[in-house]
Structure formats: C-alpha cells, structure tokens
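Chemist: One-letter residues, chain by chain:
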Amino acid sequence: MGGLQIPLEHVLLIASCLFSCGLAGLMLRRNLIFMLMSLEVMLNSAALAFVAAGARWGQPDGQIIFLFILSIAAAEVAVGLGLVLQIQRRFKTLDMDQANRLRG
Amino acid sequence: MMESLFYGASAVALLATVAALTRANAAHALIYLIVSLLAVAVLFFLMGAPFAAALEIVVYAGAIMVLFVFVIMMLNLGEAGNSREREWLAPRKWIVPGILAGILLLELVLAVRHAPDNTSGVEVPPKMVGLTLFGPYVLAVEIASLLLLTGLVGAYHIGRRFIVRRDFSRPGDNS
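Protein chains in written order, with numbering that gives the first Met the number 0: chain W, 0 to 103; chain P, 0 to 174.
Rather than coming from a laboratory, the hints here were simulated on the basis of the structure. Wrong hints could be hidden among the right ones.
Claimed, not checked - Only some residues are given here: those of chain W computed to face chain P with a beta carbon under 10 Å: (1) V10; (2) C16; (3) L25; (4) G53; (5) T92.
What the hints assert, rightly or not - Label-pair ranges, simulated between beta-carbon atoms: (6) P:E2 / W:G57: 27 to 35 Å; (7) P:W87 / W:L82: 35 to 43 Å; (8) W:W56 / P:L66: 27 to 35 Å; (9) W:F90 / P:E2: 43 to 51 Å; (10) W:M95 / P:S3: 38 to 46 Å; (11) P:E2 / W:L82: 39 to 47 Å; (12) W:M95 / P:H27: 32 to 40 Å; (13) W:Q4 / P:R159: 15 to 23 Å; (14) P:L74 / W:G57: 43 to 51 Å; (15) W:Q85 / P:L130: 15 to 23 Å.
All figures in this text were calculated on a predicted structure; none of them were measured in a lab. We put the CB at the ideal spot given by N, CA and C, even for glycine.
Just chain P, same shape as in the assembly (with noise of 0.2 Å):
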C-alpha cells in the first residue's frame, strides 16, 4: 500500500516535470513546477527523511518559487511571449536535445542498475540531522553562510540598478 504511494508521488514528479519544462507560459510552468517539486517532498517524506521533506516544502516550493513569480510578474511576458516561446518549441527543435538527454539517461539507468539493496526503512529524525549538521559538518555551514552572504551581496549588487532606473547608457559608469 505504502509501496503504491511512492510510486504514484514518483509517476506525479516525472509528469509535472516534463509538464513543466514544455509549456509555452511560464506562469503555468512554474505551477506545475511547484506540483513536481511538492512531489519529490512526499517522496522525501516515504523514505524516512521528514526534515528533508519539510525543508523542500518550505524553502523550495515556499521561497525559491516565489522568488520566480515576483520576477515573472514582474516582467509581465504577456500573449506576445507566449506565441514567441511556442514557435521555438517546434518539435523539430527537440530532436537532439532529446537524443542527448535520452543517451545519458540510459547510460545512468545502466550504470545503477546493479543496486540490489533497499532503503533501510529506519526514519532518520531531525535531532539527528541537527547534530550531525553542526557537529561534523560545522565548517561546511560556515561555508554554505558565506556562499549566502555571496549570493545576497551578488544579486543586490545587479539586482540594484533595475530597481533604481537610473540612465545607465554612458560609458564608464560602474557606480
């Protein structure tokens, strides 16, 4: 029964991802994206990892996504964007993206196939993740900080002069 619930969330993941990735509007895109997303959470959740699970409701469907509807709203792509994403998924354009892709995922469906073991079924809380995270792992978090402080700092940086319309057009202005 629990069995038929993974792979259902699983079937779910796969469509809403492929549903995603060839819609012409990227409002719908990203919805679908939230649905795949929501998808791999329960799966996350069947495998025993529930902080992992919490954490991509939260921050994946919850922040990052937001994060691409304030931008989609933002630019407002409008009908003349949709017809102009259309033309460029003519079929013929999928052609060798799609062979390529087809070729890795064969050559990674090759390559685990021999992964004769089951998960384990033990639930790993999250006091133990929580201890691990800063016990072990204490300078990777230290790391991922500064990766986030770069990040904030980066996209303030050219995020600013979007905001800010200032004329921009002469040379030699990099204030």
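So that you can see chain W by itself, here it is in the shape it has in the complex (with noise of 0.2 Å):
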C-alpha cells in the first residue's frame, strides 16, 4: 500500500495542536511525570511535522529524523525518571514547586 495524497497543510496543524495541547500541559501541571508526560508529547507533534515533511517530498530523511527524535526521547525519559525516583525519595512530593532549592 503506497501514502495517502493529504494536504500537508493538515498534518501540519495536527502537529500544531499537539505541540499546543503538550505546551499548556507543561505549564499547567505542577507534578512531575505530567511534565515528562506533556515533553514527549510535544517531541511526538514534532516527530510528526517530519514524517510528514519527509512524506510530502518522498524522501527517507524525515523519518531518520524521526529515529533520533525517538533515541531523544529515550534518554530524556531514562534521565527524568530517575530524577522523579530521587525527587520523590528526598521531597515526599512531586510537587515542582516544592523542589525549588537547586543543590544536590
């Protein structure tokens, strides 16, 4: 089965919202998975803006953009939540604003 003819146009404002909907998410919540949660949102909307750039031209280049978005998002998350475990072992909280004091 060969692509789909869509209007890159749309695609491109799927991408938008979900870029938007991930940005509101990270100012938003104030708990920390959220915040990891609303980040790979917004890596995804832009994974999606160059599957679609790369769809619209035929070329491979999008999605091996793709593959490093998604190496990316492995490491960002490995290191958040290992930084989620600590936070929660030496606050008791995930509150953000509770962990605001910056030191080891």
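Combine both chains into one complex, guided by the hints.
Modeler: Quick look at the structure:
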C-alpha cells in the first residue's frame, strides 16, 4: 500500500495542535510525571511534522530525523524518571514547586 | 475512504492527548497517552512511513511507556495523590497557560496556512531509510549512540541511590 495524498497543511495543523496541548500541559501541571508526559507529546508532535515533510517529498530523511527524535526521547525519559525517583525520595512529593532549592 | 481514516486517527490523537493531560490519576493519563501514540502511529502508516509507524509502536508506546508504568507503580501515589492533583487542576489555573498555548497555536496555524502541497503518496520503504541512515547520516548515528550511552550512564547514576537505599543525609558523601 502506498501513502495517501493528504494536504500537508492539515498534517502540520494536527502537529501544531498536539504541540500546543503539550505546551499547555507543561505549563499547567505541577506533577513531574505529567510534565515529562507533556514533553513526550511535544517531541512526538515535532516527529509528526518531520515525517509529514518526509512524506511530502517522498524522501527518507524525515523518518531518519524521527529516529533521532526517538533516541533523544528515550534518553530524556530515562534520566527524567531517575530524577522523579530521587525527588520523590528526598521531598516526599512530586510537586515541582517544592523542589526549588537547586542543590545536590 | 482512506482520507477519512486519516482524519479519524488525528481526531483520536488530539482527544486522547487532551484527555491524558487533564487526568488526575497518572495511570489513567498514561493509558490515554498510549492511545494517542498509537493514533500517531496510524498517521505515520497512512502517510507512507511504515518503518516510522512500527518504531512508534515498539519504542514509544512500548518501551518508553513501560518505563512510565514502572515508575508510577513504584511510587504508588494512591488516592491522596489524586485528590491533590484535582486541587491543582482548578479551572482558574488553566486560564493563563491556555491563553499562552492558544496564542502559540494561532501563530503556528497562520504560519503553516500557506502550504498548498499534498503529501506525495509515495511509500518510503524501510530499506531506503536504512540505506540513507547508514550512508549520509552515519555521523549522526554515532552521535545518537553517544547520547544514548550518556543517558544510560546518567540514569544509572541518578537512580542508583534510590535502589540501594543508603543513608545519604550526611554531608560530603558523594560516592
């Protein structure tokens, strides 16, 4: 099965909506786990825009950038969830407003 | 027919994302996020990127979300966490982030409005992706592997003291 002929505008619109949802979630939530989830949504929307651009010109470059975004997301989540565990252990809460002392 | 499939999947992705980011319970939010990622995988497949769709399911909806599930189960926030989250989700706290994100969305929409082209409708097969990945992009692959190694070492270093449960309240204990 080949790809579909979709207006690029619509795909970019969907990616923009997803990105805005992630940004609003990142600003709104105070729980660190939800902030990490919002970051995932934002990275995913950027990946969607890249794959759409790759599909527009029928070139593999978009999917390759998607692969790099995927590895960045994996590394970010691993480190971020390690920080979640440490913050929960030290402050007994995941409220980011409590973890504002910036010391080891 | 296939176009309606595309728009249906994008509606599912948007609704599931909004639902995920407004839940009070972290585990429920995670399920919605997985639905959203699967819908985006459908979008990838319909746009002619089957390799990206498979990786989205395997790595994003599989591996990364399993990490989230593991941490949420390990923390075991419970009902107290839920009520606190609901308190933080009061509607008046939505207003400023909502307006800011809405402004950004408006600007993005205005910026992409003049993209008159269609997607090509050509499927980019995994073989082509692999050949390009290890051809012109081989340096970026090396850099990505360095990044993953750094993430591995960093996550191990940060999470290690949580696991062994040592008393590190003493100052100067950096081991």
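Chemist: If any of the earlier hints don't hold here, list their numbers in rising order.
Modeler: 6, 7, 12, 13 and 15
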